[in-house]
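Assemble the whole structure, with the sequences as input and the hints as a guide.
There are 2 protein chains.
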Amino acid sequence: MKVQISFMERAIELAKKGMFTVTPNPMVGCVITQGKNILSEGYHVKAGSDHAEIVALKNLKKKINNNMVMYINLEPCCHQGKTGPCAKAIIDSGIKNVVVSILDPNPIVKGKGVKALRSNGVNVNVGLCKAEAKYINKGFISRVTKKIPNVLMKQAISIDYKITNPRKKWLSNKESRKDVQFIRAKSCAILVGSQTVIKDNPKLTVRLNKKELGIFGKKRNPIRVVLDSNLELDINKYDFFNGMEKKIVFNSISTNFETKKNIDFIKVKKNKTGLNLNFILNILAEKYEINNLMIEPGEKLSTALIANNLLDDLVLYLCPKIIGKYGLPASSAINNFYSDSIKVESIKKFSNDVRINYEFLRK
Amino acid sequence: MKVQISFMERAIELAKKGMFTVTPNPMVGCVITQGKNILSEGYHVKAGSDHAEIVALKNLKKKINNNMVMYINLEPCCHQGKTGPCAKAIIDSGIKNVVVSILDPNPIVKGKGVKALRSNGVNVNVGLCKAEAKYINKGFISRVTKKIPNVLMKQAISIDYKITNPRKKWLSNKESRKDVQFIRAKSCAILVGSQTVIKDNPKLTVRLNKKELGIFGKKRNPIRVVLDSNLELDINKYDFFNGMEKKIVFNSISTNFETKKNIDFIKVKKNKTGLNLNFILNILAEKYEINNLMIEPGEKLSTALIANNLLDDLVLYLCPKIIGKYGLPASSAINNFYSDSIKVESIKKFSNDVRINYEFLRK
Numbered sequence: 001m002k003v004q005i006s007f008m009e010r011a012i013e014l015a016k017k018g019m020f021t022v023t024p025n026p027m028v029g030c031v032i033t034q035g036k037n038i039l040s041e042g043y044h045v046k047a048g049s050d051h052a053e054i055v056a057l058k059n060l061k062k063k064i065n066n067n068m069v070m071y072i073n074l075e076p077c078c079h080q081g082k083t084g085p086c087a088k089a090i091i092d093s094g095i096k097n098v099v100v101s102i103l104d105p106n107p108i109v110k111g112k113g114v115k116a117l118r119s120n121g122v123n124v125n126v127g128l129c130k131a132e133a134k135y136i137n138k139g140f141i142s143r144v145t146k147k148i149p150n151v152l153m154k155q156a157i158s159i160d161y162k163i164t165n166p167r168k169k170w171l172s173n174k175e176s177r178k179d180v181q182f183i184r185a186k187s188c189a190i191l192v193g194s195q196t197v198i199k200d201n202p203k204l205t206v207r208l209n210k211k212e213l214g215i216f217g218k219k220r221n222p223i224r225v226v227l228d229s230n231l232e233l234d235i236n237k238y239d240f241f242n243g244m245e246k247k248i249v250f251n252s253i254s255t256n257f258e259t260k261k262n263i264d265f266i267k268v269k270k271n272k273t274g275l276n277l278n279f280i281l282n283i284l285a286e287k288y289e290i291n292n293l294m295i296e297p298g299e300k301l302s303t304a305l306i307a308n309n310l311l312d313d314l315v316l317y318l319c320p321k322i323i324g325k326y327g328l329p330a331s332s333a334i335n336n337f338y339s340d341s342i343k344v345e346s347i348k349k350f351s352n353d354v355r356i357n358y359e360f361l362r363k
Numbered sequence: 001m002k003v004q005i006s007f008m009e010r011a012i013e014l015a016k017k018g019m020f021t022v023t024p025n026p027m028v029g030c031v032i033t034q035g036k037n038i039l040s041e042g043y044h045v046k047a048g049s050d051h052a053e054i055v056a057l058k059n060l061k062k063k064i065n066n067n068m069v070m071y072i073n074l075e076p077c078c079h080q081g082k083t084g085p086c087a088k089a090i091i092d093s094g095i096k097n098v099v100v101s102i103l104d105p106n107p108i109v110k111g112k113g114v115k116a117l118r119s120n121g122v123n124v125n126v127g128l129c130k131a132e133a134k135y136i137n138k139g140f141i142s143r144v145t146k147k148i149p150n151v152l153m154k155q156a157i158s159i160d161y162k163i164t165n166p167r168k169k170w171l172s173n174k175e176s177r178k179d180v181q182f183i184r185a186k187s188c189a190i191l192v193g194s195q196t197v198i199k200d201n202p203k204l205t206v207r208l209n210k211k212e213l214g215i216f217g218k219k220r221n222p223i224r225v226v227l228d229s230n231l232e233l234d235i236n237k238y239d240f241f242n243g244m245e246k247k248i249v250f251n252s253i254s255t256n257f258e259t260k261k262n263i264d265f266i267k268v269k270k271n272k273t274g275l276n277l278n279f280i281l282n283i284l285a286e287k288y289e290i291n292n293l294m295i296e297p298g299e300k301l302s303t304a305l306i307a308n309n310l311l312d313d314l315v316l317y318l319c320p321k322i323i324g325k326y327g328l329p330a331s332s333a334i335n336n337f338y339s340d341s342i343k344v345e346s347i348k349k350f351s352n353d354v355r356i357n358y359e360f361l362r363k
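Here the protein sequences come in this chain order: A and B. With my numbering, letter number 195 in the first sequence gets 195, and the count goes up by one each step, no holes. With my numbering, letter number 169 in the second sequence gets 169, and the count goes up by one each step, no holes.
There's no promise every hint is true.
[Unchecked claim] The calculated lysine-lysine pairs, modelled on PhoX-like cross-linking and capped at a C-alpha distance of 25 Å, are: (1) 46/A <-> 112/A; (2) 349/A <-> 343/B; (3) 325/A <-> 300/A; (4) 110/B <-> 130/B; (5) 300/B <-> 325/A; (6) 325/B <-> 272/A; (7) 174/B <-> 343/A; (8) 348/A <-> 348/B; (9) 16/B <-> 348/B; (10) 174/B <-> 348/A; (11) 272/B <-> 325/A.
Derived from the structure by calculation, the hints contain no laboratory data.
Quick look at the structure:
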């Protein structure tokens, strides 16, 4: 059992190599083994390129025999997508044993890949390392099952719960800020409020190079999303609107598409806390296929996110400063909200900043 | 040099064994070595019992020779205190080599012990591991040099910066609360505001047993201190006033001594933020010989401590809860205060609570 776990863990490790490139697809890794040896490996790099199983089959140097076992962290597909169905490729290859960590979360296809394999004489085991397999693809799973992305909020806060430092541009240190770039790179989209665009004029691009990210193909910048209820932002003034990456402006006034700058203006209804965030998340999942949404909010937006119980992940950088009354608070008092279903996923020190990753266990 | 450092580190380790018992004295440890071997060890257990050097000399089984070296983390005393002067005992013993980490911080005696040794033919080196030696006795050093204790503030806070949970008695978990007991045990005194006494009726005693503290003699409870400006607290009503440990009630009305319950009422002047905290700290250092003061404040007191720049240490327990608007904040907006001279001393996870130890680098 131990060696089987280590094979699946290797498949998951391989899957994570697609972390920065694979969106909107899930991360998938695959190993083909015999006895105690890994004979071949593969992972899915990006939408349109070979799936992990196909890569592993192509990389296999030995003739396939009945003792070989294929480990995959996600059920093989059985439908014709941008690439051929993997279930068929596995059957055709002659592989007779497959271990799958989790089934495809998509309710329409869930279990069909395994069924196709089994009815063609392939032994399939499901469930090995399933917690970890779910965890790495929780954004994808959220999108296809709940029709909303996984929502990660990032804030850098002082000891006295402020998010701005009137004396300096940054609250957090250089190492923390570099770490944030990895979160950006992993995210399919980044969302901010219009006030952040006005005050900070952020680029919201990934500042790491391909070597730092450990990727070979093209570097991808996340889709940029802003909440601009009254369409106050001048698209010729702010860096947010630069470049040809997709930009989305959620607002309460009109829907239209500015193709020259690749900006989608999407009208949504308002509620008590501003633009309806549930609608926005749904649109981001269904129309834009966003698995992982990163939010870098100011006071108003963070308060709305908390009050509406929309967080899946909270990444706090605690900065060793006391700012006093001229800094803006991280959130304002939240009425009628209480949660203790929050767990600490990890803690890490970046010099004198401390990062805490919280996971919200939403019901 | 490496072996000499390890000898001094051992002396410092021994010194720390006095952590829970030694107040108001400094923690001192001593080893006597020859070549690469430690021949004898000792540490100071509590005021009135033998100093570390005397313990190590008494424990030494071999006849003293010129190759032996004594390592002590603090300069030996040269004055007659509750016990005889250690410098004289070292001279009389025949030890010819002494390594001292730091000089006695007390300006009146500083360097006199070393001078006495040297003028009696003992070789003395000063300065090995001095940063660590200063750190462990920073409370004692603060008291004798600045005439105020080292001030440690402890708070348990939620993600949204609240210190109370209207739904439960505690914000922090059991493991964090046990950890707090060790901070209490290390402190010479604990200070709270009168509102904390009224709302929580705390005992402020150490709940750990001798085995948990690793001590052999009597367990010591810290002196209990309350700020009760208008003398509102009924001394027959609250657990704070129970037991025969010293209790101090700082107030703005009168000074008197209630001997039956061992309560000292001390009158101090008020300033903008309430009772003058600088005066109070000075009295605690000079009259009560408090090296390490622990403060478990509510909103008002924590705000005053920060605003008056009185913190040396801040121990935050970050609890994974969002409390909302019915919890009290950890501090209120602080006017005209700003600090970024704060460093993270350590971080530790207690299940889902995270403890961060901050050190304030006051000028």
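- Hints violated by the structure (listed by number, smallest first): Structure breaks no hint.
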